[in-house]
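Number of protein chains: 2
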Amino acid sequence: MIQIGQTASISKKFSNQDLHDFAKLSLDFNPVHLDAEFAKETIFGKQVVHGMLASSLFSGLLGTHLPGEGTIYLGQDLKFKKPIFVDQEVTATVEVINIRKDKSIITLKAECRNDQDEVVIIGQAVVKYEMSA
Amino acid sequence: MIQIGQTASISKKFSNQDLHDFAKLSLDFNPVHLDAEFAKETIFGKQVVHGMLASSLFSGLLGTHLPGEGTIYLGQDLKFKKPIFVDQEVTATVEVINIRKDKSIITLKAECRNDQDEVVIIGQAVVKYEMSA
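Just so you know, the protein sequences line up as chains A and B, in that order.
When you line the first sequence up against this note's numbering, it's residues 71 to 203, in that order.
When you line the second sequence up against this note's numbering, it's residues 71 to 203, in that order.
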């Protein structure tokens, strides 16, 4: 049974190839993500992982871990707090913070941290999930 | 110069291969997206495009069209209103709704519509973008 406070986490390093693959899917060819030379001249100083790519780990967690298979994604809000760099480990965590049993709606805190344990993305996810009593 | 009311749009059909590619990136192997047989038994009746994959078109629009190169993505909220199906054309649109020149912050309405002109995703994007006077 799903309970308030329950969490699930997943970690991943995004490679340069991952950024190029995501660019093809999202049509986001912004050179700050893809071009090391260009990125060097930006405030970040190097290539940055697309925020929406890192955030997609929330989709993975919700759809396969918590609540898991059968989850219907209703909403997600995201704040991109700090850049995530290529090949830097990112850990995404979701935590159940509210359950509306009558509507089968679960709200989860969603957060990504970098390998320095700094919060890089923070937000909330809302999903529909049929709970057994 | 960027002005309130300005819009940019982009259309794309997500193929079955795109969904598998996105699953590898996001670790979202939820069979509702990837397995036609499984999806047939769900309320959707067929494979559904990952909401975060379709939403990634906003990243593409912001980073390459409006405001364009140099955009720093600060936040995005998303409501997934209706399913998007494989090979169905989706049109993502962003529209400038607020400009804070003093902080170089732009807020945009972000919306995806399907080929029936139904809103399937709606939300808001917030970006930082250095504007020339």
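Derived from the structure by calculation, the hints contain no laboratory data.
Everything numeric in this text was worked out from a predicted model, so none of it was measured.
Keep in mind that the hints are not guaranteed to be accurate.
The list treats identical chains as one, so a pair stands whether inside a single copy or across any two.
Said to hold, decoys possible - Think about it this way: if two alpha-carbon atoms lie no more than 27 Å apart in a straight line, the pair counts; the simulated BS3-like pairs of lysine-lysine are:
(1) LYS116 <-> LYS179
(2) LYS198 <-> LYS116
(3) LYS83 <-> LYS94
(4) LYS173 <-> LYS82
(5) LYS151 <-> LYS116
(6) LYS171 <-> LYS198
(7) LYS171 <-> LYS94
(8) LYS179 <-> LYS110
(9) LYS110 <-> LYS173
(10) LYS152 <-> LYS198
(11) LYS173 <-> LYS94
(12) LYS151 <-> LYS171
(13) LYS83 <-> LYS151
(14) LYS82 <-> LYS171
(15) LYS110 <-> LYS198
(16) LYS173 <-> LYS152
(17) LYS173 <-> LYS83
(18) LYS149 <-> LYS198
Violated constraints from the hint list, given by number and in increasing order: 1, 4, 7, 8, 11, 14 and 17
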